[in-house]
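Here are the chains, one letter per residue:
Protein chains: 2
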Amino acid sequence: MSEAAFSGRFGATTATSTFFRRLTQFMSDVTETAAGPDRFELEGRPAPEALVNDVIRLLAGHRSIRSYKPDPLPEGVLEVIVTAAQSASTSSNLQTYSIVAVQDPERKRLLAELSDNAFVADAPLFLVFCADLHRLEVVARRQGYELAERGLDMFIQAVVDAALAAQNAAIAAESLGLGICYIGGIRNEVAKVAEVLQLPPRTFALVGMTVGYPARPSRVRHRLPMDVVLHHETYSDEGLEDGLRRYDELTAASGIYAGRRAASDDAKEPKLYGWCEHSARRVARRHPKRQDLRRQLEQLGWEF
Amino acid sequence: MSEAAFSGRFGATTATSTFFRRLTQFMSDVTETAAGPDRFELEGRPAPEALVNDVIRLLAGHRSIRSYKPDPLPEGVLEVIVTAAQSASTSSNLQTYSIVAVQDPERKRLLAELSDNAFVADAPLFLVFCADLHRLEVVARRQGYELAERGLDMFIQAVVDAALAAQNAAIAAESLGLGICYIGGIRNEVAKVAEVLQLPPRTFALVGMTVGYPARPSRVRHRLPMDVVLHHETYSDEGLEDGLRRYDELTAASGIYAGRRAASDDAKEPKLYGWCEHSARRVARRHPKRQDLRRQLEQLGWEF
Chain P
1 MSEAAFSGRF GATTATSTFF RRLTQFMSDV TETAAGPDRF ELEGRPAPEA LVNDVIRLLA
61 GHRSIRSYKP DPLPEGVLEV IVTAAQSAST SSNLQTYSIV AVQDPERKRL LAELSDNAFV
121 ADAPLFLVFC ADLHRLEVVA RRQGYELAER GLDMFIQAVV DAALAAQNAA IAAESLGLGI
181 CYIGGIRNEV AKVAEVLQLP PRTFALVGMT VGYPARPSRV RHRLPMDVVL HHETYSDEGL
241 EDGLRRYDEL TAASGIYAGR RAASDDAKEP KLYGWCEHSA RRVARRHPKR QDLRRQLEQL
301 GWEF
Chain L
1 MSEAAFSGRF GATTATSTFF RRLTQFMSDV TETAAGPDRF ELEGRPAPEA LVNDVIRLLA
61 GHRSIRSYKP DPLPEGVLEV IVTAAQSAST SSNLQTYSIV AVQDPERKRL LAELSDNAFV
121 ADAPLFLVFC ADLHRLEVVA RRQGYELAER GLDMFIQAVV DAALAAQNAA IAAESLGLGI
181 CYIGGIRNEV AKVAEVLQLP PRTFALVGMT VGYPARPSRV RHRLPMDVVL HHETYSDEGL
241 EDGLRRYDEL TAASGIYAGR RAASDDAKEP KLYGWCEHSA RRVARRHPKR QDLRRQLEQL
301 GWEF
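These protein sequence lines are chains P and L, in that order.
For the first sequence, the working numbering gives the first residue as 1, with consecutive numbering after it.
For the second sequence, the working numbering gives the first residue as 1, with consecutive numbering after it.
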């Protein structure tokens, strides 16, 4: 079929030929980072044809990418990603977040070190999503008011605003064939990171995100069975034990914990080393670098 | 062009005809709720053809929907939306969130009241995204450990996990032609909401989300100029005042504040009533129902 024939089906030629180009681009983009099944296939729950479009397939195909080609991003990609980020919902349109785009190799190396994730240095782009009440404080003063609203709820609002923007950025990047990985480790050293990024008071780096072309394909990971996460009308633990058992078997069999068992001070030897044992060990001792987080955030001007 | 001719271009007939059906479905879906320009057009920054695909157009076309048709959702939609939600990144795969799907009219009415948003009662589906450390505590005990990790950082992790899942749900719903609106008002009465949803300790309702077919189209809202939100290498306020002035003019001219000025105890009459004055007034006094949020969350088992 020629492009012209395709155009005939949809009408206007120029718009359609553009659409056709975008479509083929889109189709190759979404398969590029894929290895193995998407979440629908993984869960053995085939997607209902009428309800699953390419957007949902993209979402269901998400996998974190931790190794990147050195290739720089095409010009304009950052702005497209940030436009998508800014399009996310934001509480009362207050937009209490900022994004710092880091491309300088030395600064990336520093942030890789501070967040204990070496591959941050290899990604061509590192986005840092910051919760930001500083801008609102400037705005309030500019209009002759004081920022009275600055307790825990504003902290939550800023964190949610930043997270929603980040997730839109992730999806936009993935739709362009890029891979991403969230870097929560950016909170290991909030004071030092604030210094490196010259963050003003009442802001902090909530999550980082590496962005770049995947060097290797990666696999979608199993999640908890849906009936464990989704509740109808009211919360219920009724199916929890059964769901945990199924998930433990799946994750143990998947081999993801081979050679990377979580450290533990008083490890019991479980019958099965699956998600339950791995996660229990992780939360059974406090993260050595985050015990002090509240005090550090208070020093950065946050109130709780 | 016939569907068969289209199939010929791509190869296998059955798969392609399915794809074709999904494609046309997708095209009609993304335009259904649209009135007026998407974000690229709105900002007068035309999207670079090579970089903008239909996923990004969908993201850039987001608008909150606050009035819904009574039509129920097709069977299976909830599960597709939740599959998308579960596909979002989650810190260390700990999945510290839960989703409560509310469809019962009386429960929706109650939640509408508690969150001060009457239209919650009209949406066929109300999703409540909860930060959830309860499940991890059950898992830790199941394996013979105690939940040691439960300070501010775990609170942040749970909030971010829930927010990323929520945003994926929003995008999945919008890709199917549904409209959504985040309901932060669900935090106006966290204790009462926890009771209505029978939430266990160490969980709380972070955000609600109405989902349904839009009764009326709605418009994309202007956001802050990109150079105010996006920083390069380090945070800078250099362009802030100029950006605020431009945004104030845009928002004042757009008419969104006509008839809905924010209340203020000591309102000054600004030269221009735009985003700056509106937002400054909003944060110049504390939200009457959220001053007590930290104590309420502590009573629900959260630690900071």
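Be a bit skeptical, because a hint or two may be false.
Any copy, or any two copies together, can satisfy a pair, since identical chains are not distinguished.
Said to hold, decoys possible - Listed below are the simulated SDA-like cross-link pairs for lysine to any residue, each with C-alpha atoms no more than 25 Å apart in a straight line: (1) Lys192 x Gly151; (2) Lys69 x Gln296; (3) Lys192 x Phe304; (4) Lys192 x Ile256; (5) Lys192 x Asp292; (6) Lys289 x Gly301; (7) Lys268 x Leu250; (8) Lys108 x Val229; (9) Lys271 x Leu250.
Keep in mind that the hints were calculated from the coordinates and are not lab data.
Going through the hints against the structure:
Taking the shortest alpha-carbon separations for Lys192 and Gly151, both the intra-copy value of 23 Å and the inter-copy value of 21 Å come in at or below 25 Å. Taking the shortest Cα distances, Lys69 and Gln296 never come within 25 Å of each other, neither inside one copy (35 Å) nor across copies (48 Å). Taking identical chains as interchangeable, the C-alpha atoms of Lys192 and Phe304 lie at most 25 Å apart whether they share a chain (21 Å) or sit on different chains (21 Å). When the C-alpha separation of Lys192 and Ile256 is checked against a cutoff of 25 Å, the pair qualifies neither within a copy, at 33 Å, nor between copies, at 41 Å.
In the homo-oligomer, the alpha carbons of Lys192 and Asp292 lie at most 25 Å apart inside one protomer (13 Å), although the nearest pairing across protomers, at 31 Å, exceeds that limit. Proximity of Lys289 and Gly301 under a CA criterion of 25 Å is satisfied in both settings, with 20 Å inside one chain copy and 23 Å between copies. Only within a single protomer do Lys268 and Leu250 lie at most 25 Å apart by alpha-carbon distance; the minimum there is 21 Å, versus 62 Å between protomers. Proximity of Lys108 and Val229 under a CA criterion of 25 Å is satisfied inter-copy only: 20 Å between copies versus 36 Å inside one chain copy.
In this assembly of identical chains, Lys271 and Leu250 lie within 25 Å of each other by CA distance solely inside one copy; the values are 14 Å within and 63 Å between copies.
When held up to the earlier numbered hints, the structure conflicts with 2, 4 and fits the remainder.
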